[in-house]
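First to last, the sequence lines map onto chains A and B. Just so we're aligned: the first sequence equals residues 1 to 112 in this note's numbering. Just so we're aligned: the second sequence equals residues 1 to 112 in this note's numbering.
Hints are computed from structural coordinates only; laboratory data are not their basis. Heads up, the beta-carbon is just placed ideally off N, CA and C, and yes, glycines get one too. It cannot be assumed that every hint is accurate.
[To be verified] Result set (DSS-like, lysine-lysine): computed pairs, CA atoms no more than 30 Å apart in a straight line:
(1) K20(B) - K4(B)
(2) K4(B) - K20(A)
(3) K66(B) - K60(A)
(4) K66(B) - K83(A)
(5) K83(B) - K4(B)
(6) K60(A) - K60(B)
(7) K20(B) - K20(A)
(8) K4(A) - K20(A)
(9) K4(A) - K60(A)
(10) K60(B) - K20(B)
(11) K66(A) - K20(B)
(12) K66(B) - K66(A)
(13) K83(A) - K60(A)
(14) K4(A) - K20(B)
(15) K83(A) - K60(B)
[As the list claims (entries may be wrong)] Derived list of chain B stretches under chain A, where covered just means 3 residues or more per stretch with a C-beta under 8 Å from a C-beta of chain A:
(16) 34 to 47
(17) 52 to 59
(18) 68 to 78
(19) 83 to 92
(20) 96 to 108
[Said to hold, decoys possible] Taking beta-carbon pairs under 10 Å as the criterion, some of the chain A residues facing chain B (in silico):
(21) C8
(22) E71
(23) E76
(24) G98
(25) N101
2 protein chains.
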Amino acid sequence: MTPKRSPCPIACTLDLVGDKWTLLVVRDLMLGRSYFREFAASPEGIATNILSDRLNRLVKHELAEKYPSHEQSGREAYRLTSKGRSLGRIVREIKEWGLANIQGTEARLKPQ
Amino acid sequence: MTPKRSPCPIACTLDLVGDKWTLLVVRDLMLGRSYFREFAASPEGIATNILSDRLNRLVKHELAEKYPSHEQSGREAYRLTSKGRSLGRIVREIKEWGLANIQGTEARLKPQ
Numbered sequence: 001m002t003p004k005r006s007p008c009p010i011a012c013t014l015d016l017v018g019d020k021w022t023l024l025v026v027r028d029l030m031l032g033r034s035y036f037r038e039f040a041a042s043p044e045g046i047a048t049n050i051l052s053d054r055l056n057r058l059v060k061h062e063l064a065e066k067y068p069s070h071e072q073s074g075r076e077a078y079r080l081t082s083k084g085r086s087l088g089r090i091v092r093e094i095k096e097w098g099l100a101n102i103q104g105t106e107a108r109l110k111p112q
Numbered sequence: 001m002t003p004k005r006s007p008c009p010i011a012c013t014l015d016l017v018g019d020k021w022t023l024l025v026v027r028d029l030m031l032g033r034s035y036f037r038e039f040a041a042s043p044e045g046i047a048t049n050i051l052s053d054r055l056n057r058l059v060k061h062e063l064a065e066k067y068p069s070h071e072q073s074g075r076e077a078y079r080l081t082s083k084g085r086s087l088g089r090i091v092r093e094i095k096e097w098g099l100a101n102i103q104g105t106e107a108r109l110k111p112q
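Based on the sequences and whatever the hints tell you, model everything.
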C-alpha cells in the first residue's frame with residue numbers, strides 16, 4: 001500500500017478512486033456489467049491495459065471481487081463488494097453535478 | 001476544450017475533477033484558504049507546478065475565480081464560484097466515504 005499523503009479522508013479516498021477511469025468502472029459495475037469485454041465496450045473506450053489495472057486495483061482494495069461466471073463457464077466475472085457499493089453515493093453526486101453543470105450530458109442508464 | 005469521452009455526466013465530471021489533486025484544492029478553498037502559498041502548505045505537499053495547473057483549470061472551467069487581495073495588496077487570491085461551491089456535495093460524500101472506509105483517516109477541519 002502506498003503511504004497516505006495525509007490523514008485527510010478526501011485525500012485518502014482520492015488515492016483509491018481519484019482518476020478519470022476508476023469510477024467509470026464502478027459505474028459499469030453498478031449498472032450490472034460483469035465482464036471485461038462489457039467494461040471495454042463502454043462508450044468512453046477505456047484502453048484494455050488501463051481497464052486491467054483498474055479492475056485489479058478495485059479487487060486489491062476490496063471494492064470489487066471476482067467470481068466464477070455461471071453464464072459463461074471459464075470466464076471470470078466481477079461484482080462490487082458492499083464496500084464498493086457504498087461508493088454509489090459518491091457516483092450519484094458526481095452524476096447529479098454533471099447533469100446540472102455540464103451541457104450536453106445525459107443519463108441514459110439507470111443504476112440497478 | 002477537450003472533446004467529451006461520452007455524454008455520461010460521470011465521465012464529463014471526471015474529465016474536470018477526476019484526478020488526485022483538483023478536489024483537494026477545492027477542499028482548501030472550501031476551508032477558506034485563498035492564496036497559492038496556503039494551498040502549497042497543505043499536508044499533502046502538492047508540487048507547485050501541479051498546483052498552478054489545477055488552479056488554472058479551476059479558473060478556466062469557472063469553478064474558481066481570482067480576485068485582488070485586500071489583505072495583501074499585489075497578491076492574487078482565489079475563491080470558489082457558485083458552480084465551484086456546488087462541488088461541495090461531491091467533496092462531502094468523498095469525505096464521509098473515507099471516514100467510514102479507510103482506517104486512520106480523520107477530519108480535523110470543518111468546511112465553512
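For each hint, the structure was consulted:
no.	hint	result
1	K20(B) - K4(B)	20 Å, holds
2	K4(B) - K20(A)	12 Å, holds
3	K66(B) - K60(A)	41 Å, violated
4	K66(B) - K83(A)	39 Å, violated
5	K83(B) - K4(B)	19 Å, holds
6	K60(A) - K60(B)	36 Å, violated
7	K20(B) - K20(A)	10 Å, holds
8	K4(A) - K20(A)	20 Å, holds
9	K4(A) - K60(A)	16 Å, holds
10	K60(B) - K20(B)	19 Å, holds
11	K66(A) - K20(B)	26 Å, holds
12	K66(B) - K66(A)	47 Å, violated
13	K83(A) - K60(A)	12 Å, holds
14	K4(A) - K20(B)	12 Å, holds
15	K83(A) - K60(B)	35 Å, violated
16	34 to 47	holds (count 4)
17	52 to 59	violated (count 0)
18	68 to 78	violated (count 0)
19	83 to 92	holds (count 6)
20	96 to 108	holds (count 12)
21	C8	7 Å, holds
22	E71	26 Å, violated
23	E76	25 Å, violated
24	G98	3 Å, holds
25	N101	6 Å, holds
This entry does not satisfy hints 3, 4, 6, 12, 15, 17, 18, 22, 23, going by the numbered hints stated previously.
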